[in-house]
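Novice: The listed protein sequences correspond, in order, to chains A and B.
Residue numbers for the first sequence follow numbering that gives the first Met the number 0, beginning at 0 and rising by one.
Residue numbers for the second sequence follow numbering that gives the first Met the number 0, beginning at 0 and rising by one.
None of these hints come from the bench; they were simulated from the model.
Since the structure is predicted, the reported quantities are computational estimates derived from the model, not experimental observations.
No residue lacks a Cβ here, since even glycine has one placed at the ideal position from N, Cα and C.
Take these hints with a grain of salt, some might be off.
[To be verified] Derived contacts from chain A toward chain B, CB cut-off under 7 Å, selection only:
| hint | residue |
| --- | --- |
| 1 | LEU251 |
| 2 | GLY255 |
| 3 | GLU258 |
| 4 | GLN259 |
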Amino acid sequence: MTAIGPIAGLVLRHTMDAPVTFRDLPGSEWRARDDDACDITVRHMLGSTSVDGLAPSLEVGEHATYYSDRDGSPAVLLRQIIPGVESVLLRTVVPGHEYEARYSAAPTSAVPRVVSELPAYTLALSARRGGVIAHGCGFVLPGGGLALCLGVSGAGKSTLGRLLAGESGVRVLNDDRIVLTMQTGGIHAWSTPWPGRGGQATVGDAPLAVVALIGRATERRVSAIRGRPAVAALLQTIAIPLWEGEASDHALELVGRLEQDVPIVRLEYPLETGTGAWIATTLRSVANGRVEV
Amino acid sequence: MDVSKSETFYVQRRGIVVRRVAGEVLLVPVAATAIDEARRSAELFVLNPTGEFLWNELASPKRVPDLARNLMMTHEVALETAFDDAARFVDALLGASLIQVTHAETDASR
Numbered sequence: 000m001t002a003i004g005p006i007a008g009l010v011l012r013h014t015m016d017a018p019v020t021f022r023d024l025p026g027s028e029w030r031a032r033d034d035d036a037c038d039i040t041v042r043h044m045l046g047s048t049s050v051d052g053l054a055p056s057l058e059v060g061e062h063a064t065y066y067s068d069r070d071g072s073p074a075v076l077l078r079q080i081i082p083g084v085e086s087v088l089l090r091t092v093v094p095g096h097e098y099e100a101r102y103s104a105a106p107t108s109a110v111p112r113v114v115s116e117l118p119a120y121t122l123a124l125s126a127r128r129g130g131v132i133a134h135g136c137g138f139v140l141p142g143g144g145l146a147l148c149l150g151v152s153g154a155g156k157s158t159l160g161r162l163l164a165g166e167s168g169v170r171v172l173n174d175d176r177i178v179l180t181m182q183t184g185g186i187h188a189w190s191t192p193w194p195g196r197g198g199q200a201t202v203g204d205a206p207l208a209v210v211a212l213i214g215r216a217t218e219r220r221v222s223a224i225r226g227r228p229a230v231a232a233l234l235q236t237i238a239i240p241l242w243e244g245e246a247s248d249h250a251l252e253l254v255g256r257l258e259q260d261v262p263i264v265r266l267e268y269p270l271e272t273g274t275g276a277w278i279a280t281t282l283r284s285v286a287n288g289r290v291e292v
Numbered sequence: 000m001d002v003s004k005s006e007t008f009y010v011q012r013r014g015i016v017v018r019r020v021a022g023e024v025l026l027v028p029v030a031a032t033a034i035d036e037a038r039r040s041a042e043l044f045v046l047n048p049t050g051e052f053l054w055n056e057l058a059s060p061k062r063v064p065d066l067a068r069n070l071m072m073t074h075e076v077a078l079e080t081a082f083d084d085a086a087r088f089v090d091a092l093l094g095a096s097l098i099q100v101t102h103a104e105t106d107a108s109r
């Protein structure tokens with residue numbers, strides 16, 4: 000049994016009824032105690048991954064198809080993402096609380112934890128109307144508040160995380176995935192135990208202070224972005240739970256509030272000496288409303 | 000598929016809902032409500048005012064020339080521009096499985 004978290008306040012526990020071992024258990028920082036209260040359980044077992052009786056609802060990339068069961072609860076069929084295993088079917092047992100991951104065959108080697116953990120957490124988060132997962136590098140600015148640098152795969156989030164790691168007063172929480180939740184005072188950002196290629200995934204959270212859409216350029220540029228282009232860019236990097244209407248409405252409400260309440264900039268830069276410091280200083284100034292962009 | 004030269008009729012797919020986010024109009028393919036067997040798209044579309052008009056037009060079957068004519072009449076744009084806009088819109092939405100080809104011709108002239 001392995002308990003992870005809390006992730007934005009939720010502890011996720013794996014129970015093993017199948018010969019599955021994880022190859023990348025997190026350090027003590029992300030390990031919940033086995034006697035901690037559990038919010039989300041993922042039970043791993045061998046069994047049929049047939050989708051008979053499930054209605055297809057959504058395809059995400061080449062490897063994942065979402066389905067709905069008779070109760071309208073989501074299931075996800077993951078194909079060819081674990082060596083030696085044709086498919087894994089993740090099904091809802093109790094929405095927001097219990098999920099089972101059925102493997103079509105026993106894995107021949109240790110599997111990445113993220114394969115089942117991230118989809119299960121995502122389903123639970125949306126069922127609870129708890130928030131959304133953003134594809135971005137998040138770091139705490141000098142003086143507080145979180146800067147979220149969003150980018151699609153290959154945009155340079157992990158590289159950015161490495162650039163910022165040594166900057167004074169900056170604390171990189173995660174170089175790939177950040178959970179956003181709506182709170183009374185605004186939008187709050189939380190690190191997750193799922194890092195990107197840079198391997199940065201530190202426990203922490205902070206109020207969301209600024210959002211940057213990152214990209215490479217030959218010289219440093221920062222420009223404000225609002226309205227339609229901002230919404231379109233946010234939707235490319237924030238996972239909307241399209242498998243369920245009410246959950247997607249909740250997520251879109253969060254995106255709308257983000258666009259209205261949080262400064263958003265397009266940030267472009269070359270990889271050169273001083274870029275990390277410039278990014279931290281610029282985003283801190285934007286967050287504090289001291290930069291006209 | 001060259002939608003601009005086609006006499007094909009297009010119509011909204013079921014299961015696509017319109018949402019407003021920060022004042023912007025989105026097409027959201029909430030797949031749990033979709034009942035067709037086509038491949039579902041995870042792509043969300045943010046519409047500009049022209050796109051919003053064309054989307055509403057496609058509530059009933061339309062050909063690209065129908066869309067262009069109605070766009071020209073309501074938005075005071077040249078027919079050539081309206082035709083290009085309508086063709087590009089249909090092409091993009093067809094690619095994202097947000098609209099579908101239909102054989103129904105009813106209401107096409109509305």
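Novice: None of the hints should be skipped; say for each whether it holds.
Specialist: Results of checking the hints against the structure:
Evaluation of the LEU251 of chain A hint against chain B yields a held restraint, the C-beta minimum of about 5 Å falling below 7 Å. With a cut of 7 Å, the hint placing GLY255 of chain A at the interface with chain B holds, because the nearest CB-to-CB distance is about 4 Å. The beta carbon of GLU258 of chain A is positioned within 7 Å of a beta carbon in chain B (closest approach about 4 Å), and the interface hint is therefore held. Among the interface hints, the one on GLN259 of chain A holds; its C-beta lies about 6 Å from the nearest C-beta in chain B, closer than the 7 Å criterion.
Hint compliance for this structure: every hint is met.
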